[in-house]
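If you want the building blocks of each chain, they are given just below.
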Amino acid sequence: MCSGIISRSMTRRHLRWIYAGLSLALVALFCGGLLYGAVRIPLRDIVQILLRSYEGKEAWQHIVLESRLPQTVTALLAGSSLAVSGLMLQTLFKNPLAGPSILGISDGANLGVAIAMIYLGAASYLTTIVAALTGAFVVLLIILGFSRKVTSNVMLLIIGIMVGYLASSVISILNYHASADKVHQYVMWGMGDFSGVSLSKLPWLAGFSLAGLLGALLLIKPLNALLLGDAYATNLGVNVRRARFLILICTGVLTAVVTAFCGPVSFIGLAVPHIARLLLGSSNHRHLLPVTLLAGACTALLCSMLTVIPGSGNVLPLSAITPIIGAPVIIYVIVNRKNLHYFN
Amino acid sequence: MKRSVAISTHQLSIGYSGRGGKRVVRPDLNLQLFTGEITALLGSNGAGKSTLLKTLCGLLPSLHGDIFIEGKPLAGYRSGELSTHVGVVLTERTQTGGISVYDLVSLGRYPHTGFFGTLREDDHAAIRHALETVGIADKAQRFVSELSDGERQKAFIAKALAQECPIILLDEPTAFLDVTSRMETMITLRRLAHREGKAVLLSTHDLDTALQLADTLWLQPADPAEEMICGKPDQLVGNGALARFFGSASLRFDPESRRLVPVTKKK
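Just so you know, the sequences run in chain order A and S. Positions 1 to 344 (our numbering) are the ones given, in order, by the first sequence. Positions 1 to 267 (our numbering) are the ones given, in order, by the second sequence.
No wet-lab data here; the hints were simulated from the structure. Where hints are given, some of them may not hold.
Said to hold, decoys possible - Within a straight-line C-alpha distance of at most 27 Å, the following computed DSS-like cross-link-like pairs (lysine-lysine) qualify:
#  : chain 1 : residue 1 : chain 2 : residue 2
1  : A       : Lys94     : A       : Lys149
2  : S       : Lys22     : A       : Lys149
3  : S       : Lys72     : A       : Lys94
4  : S       : Lys22     : S       : Lys54
5  : S       : Lys72     : S       : Lys54
6  : A       : Lys221    : S       : Lys54
7  : S       : Lys232    : A       : Lys149
8  : A       : Lys149    : A       : Lys221
9  : A       : Lys221    : A       : Lys94
10 : A       : Lys57     : A       : Lys182
11 : S       : Lys232    : S       : Lys54
12 : A       : Lys201    : A       : Lys221
Next comes chain S alone, as it looks inside the complex:
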């Protein structure tokens, strides 16, 4: 599949502005997110991964600079228009325990349905397709509260899929999941990127899975003064970027095993 730029930023600075003035989390970001690829955003807690994701999907205003969604500036999208371009999976608490998985996924059709939200045949088709793609079609009539954490995450990914957006942003979709669900979720997302040509960007702490399954890595350092590092996993392993990024007094990145290992005192 030919890849094209889904999101690009120009001198973007992200953060929060309040009464006490601006708090810049990260200045001068020039990023490119591609379609047909799964991109993993790595960084320690507090590095501003969620801030970046929320800014890219318009939930948080940017402080400075420009964001282009499919070539068009974010500010140029009318309210509600963006909902058919960027879908999200967040860490927010929801009250969806009491609705069925089918109903949850059908909420993804919100931008496509009319005033009363009545689902037509093409809406049902999109919902079924989304359920099957993530592999929870057999749980469609279950309550969301009956799902395991992994299934719940899949249901929310299906919601974003039913939205039929070319871009999907996910905030730590694999946190709190066990090893198998984590891998399965990543494989599902990878398939979406590769088969359906979606641009998938997710933040994660799971270095192993990201190295194994992501096409591109974005490394976001905790210090705003340091630049963001972007590249293919192999490239970042090879040029030592990962070793520099994750190295600390007690840990180092071992390029052979592609893992973080404890620093052994004397050799």
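Only chain A is shown next, with the shape it has when bound in the complex:
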């Protein structure tokens, strides 16, 4: 009995360290994102610009306020949104390889954007976002429709993957008929980018993201019960159908809004929940979900910084960076089978 109490308080200390460490890393990476870029701007000037008391170079002011600040905030929001939706999908589908891009939701967003860019000839920012949201929600509605008929989560996962394939195949057909510059424009969007959100559009992303994240935090209790499987959860009084519906709505909103604003961003949703489990050593969502949220924000901020090539004005595409961080984590988790015990 005594040993139980001692080790529980040790866990608590361990927890405090994790939260403190992640918060510190988050602040450091956020500041890093503001400081570090293709153009060198001294710290003092950045602080002054942020405090609106700067009277120096117009260009620097523009870089910080219109580029770096929105980009870091976007990375923070997008990273936590993708990571949290990845975690919820892994729990819901009882599958360590589930993620926002698997269910076809981001493919739906891609398809919406492809149609808008290639057919409607629209390059405007707002059209892209509306198109992505529409595409993502159409796929989400299809999945939700099937979720009422199909009781098995594995079957639902397979349906999601198939819908994703359908969407990508339609995209390929569209691209085949489109002009070269339209295709190029679409391909560039498809690389993923945290820098496309301007300060004035940021509230839209923030609103949807925060709403989705809040929803996720409210679902912690049923998510834990779902670890036991549907029958046990039902016996504990969980309305499994409703819980599944709410989880899918939440992940759908989070994935759709991020894909709409930043393009498809791979691996963060898949890998970060595993990083969080490795850090925490537990799959109890009470802490796993907040830790995933923080770790997602940190990972995305880091990826966003790594896209900047120092000393040159060039920026690497985001989708070139995220797999470098994500793929090794997934391989480590799979090879080191001990880590898969979370799914047994």
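Starting from the known structure of chain A, fit chain S onto it as the hints suggest.
For chain S alone, kept in the frame of chain A given last:
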């Protein structure tokens, strides 16, 4: 302890209904499960033991007839309300390997905690009591994946206990366990029934242990046309019901040793 009826059924028929119509696994069941007793449900594979258990706890809709849980019809329970009356231990695969035994057992408090599932002092007390009752308090901080099969089964029984239900249904809780863990699990369940007055119903293939430790046996024949046989072990041994139930071309039930023995050709 005074025994009372925990679950009763009236002309209950169990099975599955789908697009192809109904498939009746067993019609016209009139059963009574008592508190303070451990009841073992025996029957060959495919006889519908799991179907019966899942129907009794509301996981599977019944095809016809009525189920009364503590005197009240099952249909009269609001959604979620049943979770404080019937606890289950199933054969389902779970993803609980990555949480501690304590966390697993705390999931049994789900119906008792608030919106965020925060555990209060009485919840912790119930969890500790459950852990001690099944005898795995020393493993509370271990991961579920680190447990042996027997300990894992005990942890799930503790989860059902923490739920604080007067009725516990278990689907083959002793399958895959070695002889000692099998006996220990049964003794734990028996103690729960006798000391805490719970109504315990479990399905099993283990005739020896059931004869030794169960208070009541339910024999479920593979043929739906044959009636279910219920009674005390001694009574069913004495009146030859067990011999008829388990007799086959190559096996017979020996009332002396209370065991299944091979049929010897000529004597």
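Of all the hints numbered above, which does this structure not satisfy? Sort the numbers upward. Numbers 3, 7, 10, 12, in rising order.
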